[in-house]
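Now for the letters of each chain:
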Amino acid sequence: MTWTLLLEQFLNGFQLGVVLFLMAAGLTLVFGIMDMVNLAHGSLYMIGALLCATFTDWTGSFILGVLLALPAVLAVGIAVEVVALRTLYRRDHLDQVLATFGLILFFNELCRIIWGPEGMAIPLPGWLDGSIEILPGMPYPTYRLLVIAVGLAVAAALYWLVVRTRTGMLIRAGASNRTMVGALGVNIGLLFTLIFGLGAALAGLAGMMAAPIVQANIGMGESILIPAFVVIVVGGIGSIRGAFIAALLVGLIDTMGRSFLDLLLGTVMSVTAAETAAPALSAMAIYILMAVVLFFRPQGLFPPQGRR
Amino acid sequence: MGLNRRTIVTVLVLLGLALLPLLLGGAPFYIGVVARAMILAIAAISLNLILGYGNMFSFGHAVYIGIGAYAVGICAYYDIFDGFIQWPIGLAVSAAVALVFGAIALRTKGVYFIMITMALAQMMYFLGLSLDEYGADDGLVIYTRSEFAGLIDLEDHITLYYVCFGFLLLIVLGMARLVNSRFGLVIRATRFNEARMRALGFPVDRYKLTAFVIAGTVCGLAGLLLGNFTNFVNPDMMHWTRSGELIFMVVLGGMGSVFGPVFGAIAFLLLEEFLSDWTEHWQIVFGPFLILVVLFARGGIDGLLGRRNPSDD
Numbered sequence: 001m002t003w004t005l006l007l008e009q010f011l012n013g014f015q016l017g018v019v020l021f022l023m024a025a026g027l028t029l030v031f032g033i034m035d036m037v038n039l040a041h042g043s044l045y046m047i048g049a050l051l052c053a054t055f056t057d058w059t060g061s062f063i064l065g066v067l068l069a070l071p072a073v074l075a076v077g078i079a080v081e082v083v084a085l086r087t088l089y090r091r092d093h094l095d096q097v098l099a100t101f102g103l104i105l106f107f108n109e110l111c112r113i114i115w116g117p118e119g120m121a122i123p124l125p126g127w128l129d130g131s132i133e134i135l136p137g138m139p140y141p142t143y144r145l146l147v148i149a150v151g152l153a154v155a156a157a158l159y160w161l162v163v164r165t166r167t168g169m170l171i172r173a174g175a176s177n178r179t180m181v182g183a184l185g186v187n188i189g190l191l192f193t194l195i196f197g198l199g200a201a202l203a204g205l206a207g208m209m210a211a212p213i214v215q216a217n218i219g220m221g222e223s224i225l226i227p228a229f230v231v232i233v234v235g236g237i238g239s240i241r242g243a244f245i246a247a248l249l250v251g252l253i254d255t256m257g258r259s260f261l262d263l264l265l266g267t268v269m270s271v272t273a274a275e276t277a278a279p280a281l282s283a284m285a286i287y288i289l290m291a292v293v294l295f296f297r298p299q300g301l302f303p304p305q306g307r308r
Numbered sequence: 001m002g003l004n005r006r007t008i009v010t011v012l013v014l015l016g017l018a019l020l021p022l023l024l025g026g027a028p029f030y031i032g033v034v035a036r037a038m039i040l041a042i043a044a045i046s047l048n049l050i051l052g053y054g055n056m057f058s059f060g061h062a063v064y065i066g067i068g069a070y071a072v073g074i075c076a077y078y079d080i081f082d083g084f085i086q087w088p089i090g091l092a093v094s095a096a097v098a099l100v101f102g103a104i105a106l107r108t109k110g111v112y113f114i115m116i117t118m119a120l121a122q123m124m125y126f127l128g129l130s131l132d133e134y135g136a137d138d139g140l141v142i143y144t145r146s147e148f149a150g151l152i153d154l155e156d157h158i159t160l161y162y163v164c165f166g167f168l169l170l171i172v173l174g175m176a177r178l179v180n181s182r183f184g185l186v187i188r189a190t191r192f193n194e195a196r197m198r199a200l201g202f203p204v205d206r207y208k209l210t211a212f213v214i215a216g217t218v219c220g221l222a223g224l225l226l227g228n229f230t231n232f233v234n235p236d237m238m239h240w241t242r243s244g245e246l247i248f249m250v251v252l253g254g255m256g257s258v259f260g261p262v263f264g265a266i267a268f269l270l271l272e273e274f275l276s277d278w279t280e281h282w283q284i285v286f287g288p289f290l291i292l293v294v295l296f297a298r299g300g301i302d303g304l305l306g307r308r309n310p311s312d313d
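Which chain is which? The protein sequence lines are A and B, in order.
The opening position of the first sequence corresponds to residue 1 in the numbering used here, with each subsequent residue numbered one higher.
The opening position of the second sequence corresponds to residue 1 in the numbering used here, with each subsequent residue numbered one higher.
So that you can see chain A by itself, here it is in the shape it has in the complex (with noise of 0.2 angstroms):
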């Protein structure tokens, strides 16, 4: 194992952590202030990205193409904010829970109608194609960079949209007492439906992101949905700042673990034990995580302040 290995994972992880928190801010958003559990959101990241593959069909250019789909994206989850999420908050979450679990049978299934079973790929224009020689020797793929970039750009756009501004002072108001907000004269609905859109757009953001790596395929968002449930729990559900350290938390123990287990479990047990162990322990690992961190402190790690 080299130093410059150890970089490399460090950052495909730091890389599944920024798109891990572009899902669960959206999840966690809706959660804290409309107290939804929405099981589509990872219909919206597939949708994201299978959108975002054809407008890159049609216009040739992978960057148009995330420009159309964004616009998209918001659209669906605002019209599935309209349509059939609205008349659920006032429900329990169990039906919030089955009813979004019927809207991901729903999604998969057009998805397979429209774009087919296997999907489709993203190509990458050829400026990003490439890598960059990040340190002496050590190359890294240009787009994984611009990956995190652009993820941690929207943490700074998101954590300034919800501390400074007026928009944000009405999220953070409404995550803590909505029925008050509402008194006050806001339009509650309004801003329902207005995180739900941001949310579907990050959601589409990060499906958009993920799909020149992993392909657009049916199906990718109950792969990511979980671990971003993963996220928003050990965080702290409600908290953008929880849900981002959870997320890099998450995507690094996540690929640290998958990379590096068998090396670590070598030193302490044969190797061949180790080599056995390690898939299975790797790909338990964040739950494990999970279940620690409710044990100890079931509120999450930085549950928001002032909930009631």
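For the record, the hints were derived by calculation from the structure and aren't laboratory data.
Yeah, the Cβ is synthetic: ideal placement off N, Cα and C, and Gly gets one too.
Where hints are given, some of them may not hold.
Claimed, not checked - Rough simulated footprint, nothing fancy, chain A against chain B, three-plus residues with beta-carbon under 8 angstroms:
# : stretch
1 : 51 to 62
2 : 101 to 108
3 : 118 to 129
4 : 241 to 255
5 : 287 to 294
To be verified - Quick list of the computed label-pair ranges, beta carbon to beta carbon:
# : chain 1 : residue 1 : chain 2 : residue 2 : range
6 : A       : 184       : B       : 200       : 37 to 47 angstroms
7 : A       : 89        : B       : 181       : 35 to 45 angstroms
8 : A       : 275       : B       : 82        : 28 to 38 angstroms
Got chain A; can you put chain B on it based on the hints?
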């Protein structure tokens, strides 16, 4: 139990299940569909104990189906075909896993509970995926069904059907007794006012954990049956979407009624069967149907049979 509509329908359904192989003598396919529905009904009944009576929204219940099925599969992999060994192992492992998962999950409430049960189940799913020895995502083919010292021959599909039916009857009757016992009343009361139950001095957490373990163990039994029925086990049985389907069976049938999940499981499988016969894209109908049931038919099928007398269950 008076002779009301619910009793009549329940008896008719049970009678129908008992006579089905005679009526459908030459149609093993539909016997298979119904046997599968009865197995999933057992799983749904067990889920209903924590979901409907205990108000614990577990989204990882399919794990115990997987554990039961893997108990058959892994034992058979090592040439242990004796059901008297396989089945206690399956039930014991289900109970042990439910004890650990329950102890962790019950530290949390509400939406955290949903998510942690889901995540713990996904953990087991990934564990199954990473076990190359036991076929990883291809799973294990179970060439020989459980053997019971020549007493019962599960290889005969009619016998297997009646074994499933027998267990279903047993679980229905057992669950009816359980929810009306002192234990069941404590669990149900906790659902309405947990703080008061604590104030009355009941160790609520211990009751809930016990219910969680009972539910897991009974679901493990369903897994043992399913492994024998399908001759196959793979990690997909534990995927969270399977857990979602189990929840839907409970809600479709009617939460918090002993027999509701049986209606739910049968209706679910028949619907799946007919819709997938009709179009390959059946889920595009099934998804919105699920949403409509949640929005407009919370009582489920059981709710169609009129108001329930609480002591009738």
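Structure-based check of each hint:
no.: 1; hint: 51 to 62; result: holds (count 3)
no.: 2; hint: 101 to 108; result: holds (count 3)
no.: 3; hint: 118 to 129; result: holds (count 8)
no.: 4; hint: 241 to 255; result: holds (count 5)
no.: 5; hint: 287 to 294; result: holds (count 6)
no.: 6; hint: A:184 to B:200: 37 to 47 angstroms; result: holds, 40 angstroms
no.: 7; hint: A:89 to B:181: 35 to 45 angstroms; result: holds, 37 angstroms
no.: 8; hint: A:275 to B:82: 28 to 38 angstroms; result: holds, 33 angstroms
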